[in-house]
Structure formats: C-alpha cells, structure tokens
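A.B. asks: Next come the chains, spelled out residue by residue.
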Amino acid sequence: MDIKRFMVATALSAVVLVGFEYFLPQQNHKTVEQQAPAPAPVTAAADGAASPAAEPAAKPDAPDPRVTIDAGRVGGSLDLRGARLDDLVLKNYHETVKDGSPLVRVLEPRGEEQPNLVEVGWTNVSGGQVRVPDANTIWTADHEKLTEAQPVTLSWDNGQGQVFQIAIAIDQNYMFSVTQKVVNHGGEGVSLYPFSRVERGYTPVETGGYLVHEGPISVIDHRLDESSYKSLRKGAVPPGNIAWSKSGQGGWAGITDKYWLAAVIPQQDSDVAANYAFLSQGGDKGIYDVGFTARAPLVVAAGGEASTESHVFAGAKEVPLLEKYEASLHIPDFWKAVDFGWFAFLTRPIFTVLDWLNTMLGNFGLALMAFTLLVKALFFPLATKQFHSMGKMRQLQPKIKALRERYKDDQMALNQQMIGLYKQEGVNPASGCLPMLLQIPVFWCLYKDLYVTIEMRHAPFFGWIHDLSAFDPTNIFTLFGLIPWDPAVISPMLQLGLWPMAFGLTMFIQQKLNPAPSVDPAQQKMFQFMPIIFTFFMARQPAGLVIYYCWNNLLTMLQQTVIQRRMNTKAAATSQPKLPAGKK
Amino acid sequence: MSTSSISLPAHVLRAMIRAYQLVIRPIWGAHCRFSPSCSHYARDAIALHGAGRGSVLAGWRILRCNPWNAGGHDPVPGTACGCGMQNSKSLAGR
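Residue numbers (the numbering used here), protein chains in the order written: chain V, 65 to 648; chain F, 704 to 797.
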C-alpha cells in the first residue's frame, strides 16, 4: 500500500513538473523570432468607418520625406507620407544583456519585418464627399525635427477648401500629444470623424505563455479588455474585417507586448468607438488594427476651424511612469497596461515596495533581500510560535520513538497513540495550514513582479547574474562552461545553476532541521526527494525568485537556531524535569 | 458520505480539493493541526452544507489552523461525533 501510494505521489509530482514546463512561458530572452518580410507594401483598409479610404499604395521610388524625432528617451522619425508615426527606438533599453546589443525598437514602418505604427486621420460621415488625407498623402512639416522643445505641425491642403493639420509634441518620456485640426475655407460646413489607431503588420511570437497578456489591450469605461491576437483573427470577417467594437467615453487602446506598448488615447470626455480589426493576408499573417473613432462628427462651419486632441503612447511600460500619466493626463487605469494579473491588489503594492527599496539600495537583488527581511519581520510572531512548539516536539522524541517501536505493525493505533501523546503534552507537531497558505501569495506576487515588470528586466545582481528575471545562466552540466556543449539538446531539464544549487542545499538542511511530522513512511520518503525536485524546478525560474527563496531559507534557519538556543538555555536554567509541559 | 444530492459547484470544489490532496500535498507535506485535516474537512463541509456555506466553514477552519490554536479533533458541524472511526479514517487517508 505504502509503496503504491509513494509511486502514485511520485508520478503525480512528475506530472506537476511537466505541467509547469508546459504551461509556464519559455524563459528564453531571445529576441522575437523574425518574421518573413511582408509581401509588398500593404494598406490597412480595415474598414471604411475606421480608417481612411486607402487605395493600394504603390511602393514609392524615392524614400519618403520624414521628420526626425529626437527626444529624451526615444529617437526615430515620422513618415510624411500618410503622417505615420512608424519609426521609434528606445534609447534606454537594449534587446539583450550582451554588450553592444541593439536598442529596442517599438515602432517600425510598413514593409519592414515587424511593422508597428500609429496613425491619426479623419474619415467622412456617411455620404460625405470631403477629400480626406489617406495613406499616400504627402504632408508638409513646419520643422524638420521633433524634440521635447520643438513640436511639429504637419499640414495638407485638399485643394477643395479644407486644410488639415496635425500638431505633434513629445514629452521627455514616451507620450506624444496630438492635435488634429481642420480649417475650412470652403463655402459649406463639413463633418468628419477623427480617428487614431495602432497598426501591427505581423503576428509576434508570444513569449509570455499563460502568465502575461500580449496583444490587443484597452480600457474603456473602466473595463479592461485583454484579448488575444487569435481572437482578433477569428473574429474578423470580410468585408468589414472588424472583429468587434466597443463604445464608451474616453479610455485608451492599443497593442501591447510584455514590456512595450503602443496605445492611442482619445480626449477623455469624448464619446468614442473602439474598433478591433484584422486584415488577413493568409493564415496567421495579416494586419492587426486597434483604434478609436469619434462617435460624434467634428463639425467645421464654413470659414471656421475645429480641432480634437489625443495622445499617443509608444514606449516601455514603466510602472511609475504609467501611474504618472494616469494622474496627469487622467487616463483611466493606465497602470493596467502592465499585466499584474488577478492578484494585482497584492502584486502591485509589493512591486511598489520593491521599487522603492530598489531606489534606496540601488539594486533589485538587494531590494528583494530587504523585502524578504520585511516579510520575515511581519511573520515573526507566527514563526516564533511555531519553532517553540517544534522545540517541545524535540523534547518528546524519546517517547515518540518508544511508541513507534511498540505500534510499528499497526499504523492506525500508532496514530491514535501519537495524538493522545500530543494532547497530553499540549503540543502539536504541525505548523498549521494558515502559515503555509500565507507564503503562497507572497511567492506568487514576487514571481509575477519579476516576470512582468520592465524594472526587473535586465536587472543585475552580483557576480554572474545579469538579469534577475531570467534563470541562472550557469550550468553544472557544462561544468560551468568548461565543457563546450549545450545540454538543452538532450533535455531542457539539464540546467542547474549555482543559485538553484544553493537553494537546494538550504532546503535540504532545513528539512533535516525540521523532520516532517508525518507518520506515514511513504510520505517521509517522498519528502526526501523534494529538495531535488524543487532544485530542478527552481533552476528554470527567474534568478531573483531563487535568490529570494535561498535567502528566505537562510533567515528561517537563523531564526530557528536563535529561538532554540534561547529555549535550551531557559530549559537548562529552570531544569524542572518532572513538571508537565505548559498548556501552550 | 453520500455525494448523490450535492450541487455541481460543490462537486467541482470537492474535485479541486481532491486534486490538491493527490498532487500538491505530497509536495508541500501535510501541515494540518487538526483531524480531520483541513482538506478533508473542506470536502466534508461542502458535501454536507453546500458549496457556499461549506466553503465559509472551510475558510474559517483554515484560519484557525495556526500555531496559536491547539488543534486536535474538530469534525464538521452537523456530522455525528464519529470520534472513533471517522477520525482515524481521515488520518489514514493522508
């Protein structure tokens, strides 16, 4: 029976491990697999109402005129053909931790490998005949360069009495302010729907698995919508190609990666419709389109002018920055661009504490360790109580041994006798379910924070850890680089770094210090394998998590040693061997 | 205990607890201070009192399962005392 149960437990543990491998995201931080070049330049005629009536564009012979963008943390350019914001790199972020790694590119023009761009414009009301700018319109700019200090205004005269203007400004981070203006010199009033949209011309490889959302994202009427590329593909049917629409007041919408976001943000008091569209180019290839169209037309009287304002975010999802924008620009729930998950009420405050500790200590690894100290202090009474009862248990060991000897053939009777003994002595060997459960949320939140927040990306620690959010790169199966081979060829399980090994050691010692209270020998045997199984499991988790756990175990051991020493000296001082133990 | 008359949510919850008992508990180890253990208590409570009230009872039991509580025998309210058989059965099922 015991053997059978032991086998079952082992098999099930294996299932858990394999399950984790399957469901959790790949921990590789390779750059996204490069897509095949898009076939010819494409037009995103998502829908007549959502985007300008764009006729297929022929690839221009000469390169398009462009306005250079050079601001505090971004650089790139703006295509004057179609007034597209389609070329932007982040000055502070590199693709990998290697020296000389290229900067992260968040926006890329159509026709390149990974097109991702933002476009603003106007569409006609139904039956309207106004000649609106389209994807091939060549705009003129009043300045050659867009900087923090120098906004740029693009303008285009449609030759029928209307002049269209797009004024673009950028702050020191990732936020563009856009003012769309129509000046009507004509004899009749015109009505137009302003729109703004994010377009992604390729299907990215989703690295986040089930842990972090990547794809179309929006908050409209305070409702967060995190959809998948797949649902967009499935839902979009010709001719409209619109997968779904949502109406509301203000909000924001865009397409997000794990760390980067391109989003359009309409004026928050305006009534808008958010459209999600996909223009298929066969299979999974195609153009994703997420954007806003005003629900009430902008009416420009004859001889008058009218304008609308909006914002465009293109950059890294830094939590404090998103919070700052949320407050200053009144963007509802902008922090939700970072996928803190269902337990955001816990994950986010913990991140805030970690981030604050990081600014104090200058290193996220140290911040993690300081945070662990805080958690330990918080649970100190719980642990103290628990170790006291463990100490008492140790004093009972001779009696327990005697019982084991006497009832070794009758498990049930042994159980009864042990319970009787515990009751008589007023001790309980188990720490309880609550302390166990309390550890889970903390662990989970750290995991999630390490995994989703850009602050942890490429965050270094001492020695060989250059990225706390990636697994420990050292590997004993290559003798730490002495043998030039890749054990992952045989199995990804052949990965065991120094920190995970240190973790396994602390877990092993801790287990020796605290023999499991279980009386079931099969389970006892199972426990002995736990440090090994856990070590291999942790070897593939973010290094920050392993360091947290290691440090946590060390602190626990320290705490236990101190408490026990104090108990022993107390016991020696009072030395009243015959008195029954107290009620506690 | 009869499981024929319990609702679908109760069935789902009980199945989830069973999965925990089979998969996760062998990894974490048993830490319960009570008998029957919290997970057995939860299964029994949900079977007897339904998904809603059963879950509340189970939650309250887990909150009590801490080092300040002496632990010991603590059957689901409403069950017959069952001090002998049920107790040892729950333990044997660990």
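Honestly, the hints are just simulated from the structure, not real lab data. Keep in mind that this is a model prediction, so the values were computed, not measured. Using N, Cα and C, we set each Cβ at its ideal position, and we do this for glycine too. Watch out, some of these pointers could steer you wrong.
Incomplete in silico selection of chain F near chain V, CB under 7 Å [stated by the list, open to error]: (1) Gly762; (2) Cys768; (3) Asn769; (4) Pro770.
A.B. asks: Now look at each hint and say whether the structure bears it out.
C.D. replies: How the hints compare with the structure:
1. Gly762: With Cβ-Cβ at 10 Å, over 7 Å, it is violated.
2. Cys768: holds, 4 Å
3. Asn769: Constraint on F/Asn769 satisfied, holds at 4 Å.
4. Pro770: Status holds, d = 4 Å.
This entry does not satisfy hint 1, going by the numbered hints stated previously; all others are met.
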